[in-house]
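Colleague: The chain contents come next:
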Amino acid sequence: KAGVTQTPRYLIKTRGQQVTLSCSPISGHRSVSWYQQTPGQGLQFLFEYFSETQRNKGNFPGRFSGRQFSNSRSEMNVSTLELGDSALYLCASSLADTRGETQYFGPGTRLLVL
Amino acid sequence: GENVEQHPSTLSVQEGDSAVIKCTYSDSASNYFPWYKQELGKGPQLIIDIRSNVGEKKDQRIAVTLNKTAKHFSLHITETQPEDSAVYFCAAIWDSSASKIIFGSGTRLSIRP
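Protein chains in written order, with our numbering: chain A, 1 to 114; chain B, 1 to 113.
Derived from the structure by calculation, the hints contain no laboratory data.
For clarity, every value in this text was computed on a predicted model and none was experimentally measured.
There's no promise every hint is true.
With a Cα cut of at most 30 Å, we get these calculated DSS-like pairs of lysine-lysine [said to hold, decoys possible]:
no., chain 1, residue 1, chain 2, residue 2
1, B, LYS42, A, LYS57
2, B, LYS42, B, LYS57
3, B, LYS68, B, LYS57
4, A, LYS57, B, LYS68
5, A, LYS13, B, LYS22
6, B, LYS58, B, LYS42
7, A, LYS13, A, LYS57
8, A, LYS57, B, LYS71
My request is simple: use the sequences and hints to build the entire structure.
Modeller: Right, here's the structure in full:
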């Protein structure tokens with residue numbers, strides 16, 4: 001079974017631009033969560049989607065948004081990029097029939113904001 | 001707020017020796033505790049997990065113990081090998097109306113040949 005895939009793997013943007021990252025979960029998984037990983041803050045939860053609905057959201061500004069499609073694929077968008085948005089963005093999927101399901105991570109998208 | 005503390009931040013052990021990483025969580029409502037291994041350039045990979053109704057779980061050279069009273073859990077790696085070198089993260093999940101996972105700060109494990 002294929003794992004979680006994320007595209008693109010690397011991205012360079014400039015301040016003020018916006019970016020869209022894509023995540024394809026493991027087949028059959030209905031929950032997709034997004035995380036930001038930085039050396040200073042570690043792994044921080046952004047949001048979770050289940051059946052096209054945002055089920056939970058972390059403490060990030062409204063510039064960070066996401067959505068999930070009917071095939072469970074998910075995208076996250078960051079508008080008006082800031083230097084501090086440079087990070088590894090990780091997507092994780094789970095069956096999520098119940099809470100606390102095991103999450104499986106993709107390889108991440110490394111975003112550099114100049 | 002919810003918090004997970006992880007220690008040590010770096011750990012170096014001789015190949016063949018054991019490594020232990022410890023985590024403490026703040027919210028007694030936590031009921032699921034996964035451990036992830038992250039190698040350079042890759043996303044975190046689940047290596048073992050434990051639920052709150054279990055005190056210990058073992059999978060070959062890896063084991064996790066949970067002490068709910070003290071609110072801490074530990075990862076034990078025995079007979080360490082060079083491929084065990086990576087960053088390890090503990091996490092705690094609150095199985096509530098908000099499915100939220102809080103990660104520890106990570107432990108960089110180095111195996112000396």
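Colleague: All hints are to be evaluated individually against the structure, with a verdict given for each.
Modeller: Now for the hints, and whether the structure bears them out:
About 24 Å separates the Cα atoms of LYS42/B and LYS57/A, which keeps this hinted pair within 30 Å; it holds. Restraint check for LYS42/B and LYS57/B: satisfied, since their Cα atoms lie roughly 26 Å apart, inside the 30 Å limit. For a cut-off of 30 Å, the pair hint linking LYS68/B to LYS57/B stands: about 14 Å separates their Cα positions. For the hint pairing LYS57/A with LYS68/B, the CA-to-CA distance comes to about 27 Å; that is within 30 Å, so the pair holds.
Straight-line distance between C-alpha atoms of LYS13/A and LYS22/B comes to about 38 Å, which puts the hinted pair past the 30 Å bound. The hinted pair formed by LYS58/B and LYS42/B meets the criterion: a straight-line CA distance of about 24 Å does not exceed 30 Å. Taken as a hint, the LYS13/A and LYS57/A pair is honoured in the structure, with Cα atoms around 25 Å apart against an allowance of 30 Å. A distance of roughly 25 Å separates the Cα atoms of LYS57/A and LYS71/B; the hinted pair therefore holds under the 30 Å criterion.
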